[in-house]
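Chemist: Residue numbers (this note's numbering), protein chains in the order written: chain A, 1 to 253; chain B, 254 to 506; chain C, 507 to 759; chain D, 760 to 1012; chain E, 1013 to 1265; chain F, 1266 to 1518; chain G, 1519 to 1771; chain H, 1772 to 2024.
Simulated from the structure, these hints should not be mistaken for laboratory data. All figures in this text were calculated on a predicted structure; none of them were measured in a lab. Check each hint, because a few of them may be wrong.
[To be verified] Here are some chain D residues the structure puts well away from chain E; computed CB gaps all over 10 Å:
1) 775
2) 819
3) 835
4) 870
5) 877
6) 879
7) 883
8) 932
9) 947
10) 953
11) 975
12) 984
13) 989
[What the hints assert, rightly or not] Computed from the model, here is a short list of chain F residues facing chain D with C-beta under 8 Å:
14) 1320
15) 1483
16) 1487
17) 1503
[Stated by the list, open to error] Derived lysine to any residue pairs resembling SDA-like cross-links, with alpha carbons at most 25 Å apart:
18) 849/D with 862/D
19) 90/A with 616/C
20) 90/A with 615/C
C-beta: ideal position from N, C-alpha, C; glycine also.
Each chain, letter by letter, is given below.
There are 8 protein chains.
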Amino acid sequence: MDVSSLRALVEQVASGESTPDDAVRRLRRLPYADLGFARVDHHRDLRLGMPEAVFAPGKTPEQCASIVEELLRAPAGPVLLTRAGDEQVKAASAVASALGSGPGTVSDSGTFATVAFRQAADRPGSVVVVTAGTADLPVATECLAVLGALGFSARLLTDCGVAGLHRLLAEVDSVAMADAVVVIAGMEGALASVVGGLTPAPVVAVPTSTGYGAALEGVTALLTMLAACSSGISVVGIDNGYGAACAVARHLP
Amino acid sequence: MDVSSLRALVEQVASGESTPDDAVRRLRRLPYADLGFARVDHHRDLRLGMPEAVFAPGKTPEQCASIVEELLRAPAGPVLLTRAGDEQVKAASAVASALGSGPGTVSDSGTFATVAFRQAADRPGSVVVVTAGTADLPVATECLAVLGALGFSARLLTDCGVAGLHRLLAEVDSVAMADAVVVIAGMEGALASVVGGLTPAPVVAVPTSTGYGAALEGVTALLTMLAACSSGISVVGIDNGYGAACAVARHLP
Amino acid sequence: MDVSSLRALVEQVASGESTPDDAVRRLRRLPYADLGFARVDHHRDLRLGMPEAVFAPGKTPEQCASIVEELLRAPAGPVLLTRAGDEQVKAASAVASALGSGPGTVSDSGTFATVAFRQAADRPGSVVVVTAGTADLPVATECLAVLGALGFSARLLTDCGVAGLHRLLAEVDSVAMADAVVVIAGMEGALASVVGGLTPAPVVAVPTSTGYGAALEGVTALLTMLAACSSGISVVGIDNGYGAACAVARHLP
Amino acid sequence: MDVSSLRALVEQVASGESTPDDAVRRLRRLPYADLGFARVDHHRDLRLGMPEAVFAPGKTPEQCASIVEELLRAPAGPVLLTRAGDEQVKAASAVASALGSGPGTVSDSGTFATVAFRQAADRPGSVVVVTAGTADLPVATECLAVLGALGFSARLLTDCGVAGLHRLLAEVDSVAMADAVVVIAGMEGALASVVGGLTPAPVVAVPTSTGYGAALEGVTALLTMLAACSSGISVVGIDNGYGAACAVARHLP
Amino acid sequence: MDVSSLRALVEQVASGESTPDDAVRRLRRLPYADLGFARVDHHRDLRLGMPEAVFAPGKTPEQCASIVEELLRAPAGPVLLTRAGDEQVKAASAVASALGSGPGTVSDSGTFATVAFRQAADRPGSVVVVTAGTADLPVATECLAVLGALGFSARLLTDCGVAGLHRLLAEVDSVAMADAVVVIAGMEGALASVVGGLTPAPVVAVPTSTGYGAALEGVTALLTMLAACSSGISVVGIDNGYGAACAVARHLP
Amino acid sequence: MDVSSLRALVEQVASGESTPDDAVRRLRRLPYADLGFARVDHHRDLRLGMPEAVFAPGKTPEQCASIVEELLRAPAGPVLLTRAGDEQVKAASAVASALGSGPGTVSDSGTFATVAFRQAADRPGSVVVVTAGTADLPVATECLAVLGALGFSARLLTDCGVAGLHRLLAEVDSVAMADAVVVIAGMEGALASVVGGLTPAPVVAVPTSTGYGAALEGVTALLTMLAACSSGISVVGIDNGYGAACAVARHLP
Amino acid sequence: MDVSSLRALVEQVASGESTPDDAVRRLRRLPYADLGFARVDHHRDLRLGMPEAVFAPGKTPEQCASIVEELLRAPAGPVLLTRAGDEQVKAASAVASALGSGPGTVSDSGTFATVAFRQAADRPGSVVVVTAGTADLPVATECLAVLGALGFSARLLTDCGVAGLHRLLAEVDSVAMADAVVVIAGMEGALASVVGGLTPAPVVAVPTSTGYGAALEGVTALLTMLAACSSGISVVGIDNGYGAACAVARHLP
Amino acid sequence: MDVSSLRALVEQVASGESTPDDAVRRLRRLPYADLGFARVDHHRDLRLGMPEAVFAPGKTPEQCASIVEELLRAPAGPVLLTRAGDEQVKAASAVASALGSGPGTVSDSGTFATVAFRQAADRPGSVVVVTAGTADLPVATECLAVLGALGFSARLLTDCGVAGLHRLLAEVDSVAMADAVVVIAGMEGALASVVGGLTPAPVVAVPTSTGYGAALEGVTALLTMLAACSSGISVVGIDNGYGAACAVARHLP
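Just chain A, same shape as in the assembly:
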């Protein structure tokens, strides 16, 4: 609940601009639009510096399209549709095109797509996304799509797993001088610890469900990253490329 808008409202009441009933009604109705099946949070960008993203799984294509439509009614700012299937992408793109925002930029991660409508203004920070292996690319793709929508042009370093340390060491300048580093790794996730020991930048680690057997669908990498002996690494959920991009957006101007 935003105290400064509360104060403004209260002042309007005090000055007679609003009646108490209006104040309470506006206070409770303003910040979102109720579509029946969803409450679209128009206020989120203002409050968190980050737009509301539409998480597609479990929603019908029509629901995805309606929420995207509602969000695009705001005058500006990026709108994101995440983890969407083909039908969901098609429906949302259609509605966005009809509104004149164009079909959005679709980043396909293999099993799902990220769609960005109306990219944010460019932001200056230098972001590096490092993956341990080629199989981590789908998560990196989502992360890059979201970083792009939020205004960052990140650099991707693929296949830097610790089994061949020289591949990472060859990029040590990029990593050491970045403003933020996202480390994406499955299997045993050791890359996060090593990167954490090479750079003073914020390191956001994303465990992935890459691997089989004892990789336990990402739990092993998750635990590794949480217990990392390099200090100050922070971790987001398994396969959560979206969350890592948002964490970076919180860290950088």
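With chain A held as given, fit chains B, C, D, E, F, G and H onto it using these hints.
Modeler: For chains B, C, D, E, F, G and H alone, kept in the frame of chain A given last:
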């Protein structure tokens, strides 16, 4: 491995300043001091912007004291001893006093202490540490001690658990306008999601082992924070107040 | 075993109305009908104030239909078929139509349906069902279908997740004044704690398997709800919208 | 956040009774007292119909006493100190006696105590607490102490585990006619399912950490209760007798 | 390694009937036939009183057929093919028919079949198989098929779950007077404890993967049965109807 | 609930020997004695062929003594106190001596004791208890004490772990010709599979918490035994020597 | 990072053969080829005595083909494609044929294939691969394919599970005299312990996901092998036949 | 069971040197000594190239001493007592001194000791033991003690954790040229992957229970090592320094 110092060294060889044998030897010996039972990383502050901390558990008081002594031989910069017991604190303080650094600042968390020798210069960022309950204070104490040693003067907001939301809402300005927020919560850890929805700042969440039964010694709060519906929250290990402080130090100038 | 009916029976024996052999036989045969593959519990409504529901998974369409048929032979009261697939719904509806009860009300949750035959009389309690996100709607659909069959007309509040607290706060009157609240949330499940801190009503929390990775298919939300810092919240199994409706039915007149 | 008090406040501003600045300040300061290490929620009883309880673990005796003291400054209503050790009990009792509330009623569960100061007015509902074995008594003791403080005089049925069903069947009238039943069971926790099949009342199940080996410190009983085949059972956390009592208080007038 | 046959062999060497080389060769070659991909244990029936069963998963139809063929070359005794798919059943039946043993008795459990060739002679023990719900029937089907092949004619009691205890109590004589009872239950598995308290017979409990969410694919029922408060219950693996039948065969003459 | 005694009772009512009220009262009061904190099940021996055992943990010495005293009031049959500490043993022995039953036979397992009062008549079955290592002896001690009290004189084979198979093979006759075999093993628990492949007798496997690290306090051995490739092995809970003895008692005449 | 090549390079700089800039560039570029989506480690064979394998899952057929192509550009040495699907095999084979290396040797494990291009020279060690059951053959197939590519001609012993110990004992000479033994077992994995007690050779144990229910998709066998009472067994990940072959290659000349 | 000794025995029978009865008796009695509570395996060194070690936990000091005494009666070869407490060490040392073997070499790991009596002859292999941190030293101590007793003089590299990679890179020659490397690491265990990428030698990884919270008492490091992206690493149980030493002994001549 720092490429720029490698380049410098290689240039010295090219210019005849060093012999190849010397180069290899220096390359491999420079950055740490080998105490036999430990390799003290004098290079870490330079490389990571953060000093090496001495993790006390499993070390004898004498080992703690020797490593602290070795680290204090560097000309400047903070030195930290973490999760130390009484005997370990006493031994390290004695050695530091003998070296003229004073006994250090001891922050007692109840079951262990954090000791900071030679605090870093003040850093400008406004850091807020929020705890869900009084029982989370030991972890907050460690976090604040490390933040202090690293140059931050953080503000502590205790007992803001979501069972009484108004207690947190009363502090909404502090939280919304901070440069970084550390959320420390046990039991179900829901506070991180709520704080994440109220501020655009980086949010570092620390699950604690507070609670009993289904709190599963911190695992429940950890999972909650990783799966948080507020985007861009990042998480460190259970009870890891030290790691949260380091993550903040990576985020802020 | 119902002591009052035992007493009645024993009195019949004492008065000569029944022979001992009859008594034992009736005692053991009365309360259910044995269909060979199932024992249909005609007694359940009387005993628990709640009808037996037919749990469809693992049953053939014919078995579903037979049990529904047997239950509809009782003179009155609702009959429920839960988690049914298309073929199971079709078979049960056909048999119910043939018995003159109509095809039942089918609530489709996407992957399965709930079918209610012969709704109970209206019951007065005001029930509110709150979901954290749109993806929790399938579980809410099941819960509402069962509440409806049991006589309640519940109000659904969707998409009130804690990432945008104001969406929930806008409904704070509904929640605070309800006779019972069902909270349905996946991912980190923090909504239950927050709702529990806003209402004196019974709060039944349903963790859902919404989310991916560290959401652990509902286990994270389950643990969160069990460890909730708001007191007096009680929890049912993952995705168990049916169980939550039954719990409400136990609480209200 | 209570909308009706918000409305009252806004009306005071509109009528000139309060200035906007005052309104915001009161809005944010009213409902709790900040003791530095804790924020005491005076508003909780009003909001939830249930007093704030002081959870003792991790608090010093002095902190326990201060919070109890602050809560007792409210004009009426019960105050609870839970899971307290000897020193904590002594400190809180002293402060309560000094305030004229008497030393409180201490219920000792073996490893910790529950202390109730100023019991609530009697409430009419008939509550039955059933335990599976003698080893579940400590949890039952906490539950009964809290029920008592909240105004209920519950009946305790001990040692009704399903290994000797007739012991439970002998009490079938009590169970079937109660207004609410709390089932407390460790080991395999099967008692909850059986009780749930015998009564139409709300059934709150409490898994306990009784047992060894495959009982997994209460996790087995917890899972059993969540997966119970009897419908409408709801569950609280492991060993959480306090939570079960609060859940009952939410259910009953 | 069977000591009595070892002794016989050694005596043959001593008496000159066998040479040492022959003895060692026979000792190592006798008890099984090596098919290249499998070693068929002709000795098992003699040693364990139970034939070797062919576990179909992971084997090609041809491999299944070859092993069944090899086993049928023994002069007598039942041969079992378990958890077989359609193609595997067809291949094995064809080979058995060709050998004059007939196509075998196929028991279809829905997702897989059990095939019994050459049933054992009738055995006298009275075995009762009790299931908690209709959804447990596939496991019961496998168990009954194996019991039948081993010579037992078991009685099946379906749908006796503890949510309606009277359904089980109606069969209390059967259960109390059986020579062995197999309890098959998913969800919370409480039926095993209750049955264990009603009969002095050996009780073999089979947890099933029936249920969803907190049933954890059978782990909940498994833990419940292992921690059962009724003494002397023993447990086999999840969904292991075959293992339960074998356990019964070990118990009875 | 015993149907034959129910029938007898009903016949008494029919014949006028009892009034209906008496019948109901006796029906509900007969089979146990209510000590307030425990319901002592005098009926258990009759019903299950096995006496009620007093599980000591969580009971005061006085409670243990009272229950033992109540059970010894029955005219005959063994009485067991399990997992008792020194004070509990002393109190129970004193009460038993005072009743003329003698102090009982105390079997000390190191951390707890099993006490048997009034041993049952000798039973003929040959029982073999095999342990994998010396560290499994405490569990074997409990198992042997209970077997002894139930009338069996079991043979103990210690230290037969599969790391030196010949140690087990040397005892192959004993194992192959036993009427029942209890296998007690910690660490990886492989002994159960091997023994199951050597004997046609019922095999009851007891996982123990012996070992460290990946032995996971018995969970590893438990899983091994449940997944054993030898068919027909059944398993009891971790460290549950008492349960294994009871399972044997169910199997043998 | 290979110190001897570093030294060579530094010497070239010292001797004027290389410039410092060249040295740094070569140092960082030499050991791998960057394909954009992958960094192909040409250096691995030299460094680890084992070629880089292409792990197919998550890669497009084109990516697989490109990496295989890049690796085949090295003058000699085996190249492996693991866990590949049909399309991936086809694409890689085509590219290898075009390069004149032939289509590779394809070993089909049922659900995936291992492809070996350019087998290594024969190596002398005698390797035995033992499987517990026929269902473990897919993992054995992968292991044998990799062993073959690395120059070993291993002997496969199938179906030696401990349920029929004599099958393993018949092969005791092979096992006891091998230079390395790979044990592949699912279900309860006890075979590793038994083999470990029969041979002085290195034993590499591979748990497989064979089995169902309590086999927990390989976790049970994994834990069994880690906790094995036979000393000196070492373990690789679940279903990791590739890893076991590599471990053998590390052990043998 | 050793086939060659079986053959020898059978030949003695054939030649009349032994009677059949003698043969069977010797066959079953020879390889161990039965102390009642333990079967001492005199045959193990011959069979496995590694002596039987006495695992002290759960044994009385007297039992430890008796087994050590029995093992020292063999004419030669090392004898090990592992994880022993003070009293156990004292008793075993006394008995060894009395037998003229001296008190043994005691390696104290802090919480337990390893005692080696009669060290084996020197073996040539170069073994390197690398630890991640000082807190892993207790496990390294056990490993070194066992390696020493088995004839190896290993080199210990402490505190080489990946947070400061240069510390490990400084030792890259030792690691790359060793005949076997033991990696001992707790927390996230990433060191094993990195070492595995630097050396062609056999790498035996030992996860330790060092660390807290998300380190999960060694499970995190264990999973990391099993899922390591460097190929051919093999793993032993948590904290199992003894097992790692035995694995090395299997690998080297």
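Chemist: The structure should be examined with respect to each hint, and the outcome stated for every one.
Modeler: The hints, checked one at a time:
no.	hint	in the structure
1	775	holds (56 Å)
2	819	holds (38 Å)
3	835	holds (41 Å)
4	870	holds (22 Å)
5	877	holds (39 Å)
6	879	holds (34 Å)
7	883	holds (29 Å)
8	932	holds (15 Å)
9	947	violated (4 Å)
10	953	violated (5 Å)
11	975	violated (7 Å)
12	984	violated (7 Å)
13	989	violated (4 Å)
14	1320	holds (7 Å)
15	1483	holds (6 Å)
16	1487	holds (7 Å)
17	1503	holds (3 Å)
18	849/D with 862/D	holds (9 Å)
19	90/A with 616/C	holds (20 Å)
20	90/A with 615/C	holds (23 Å)
Hints 9, 10, 11, 12 and 13, counting from the list given before, are not met by this structure.
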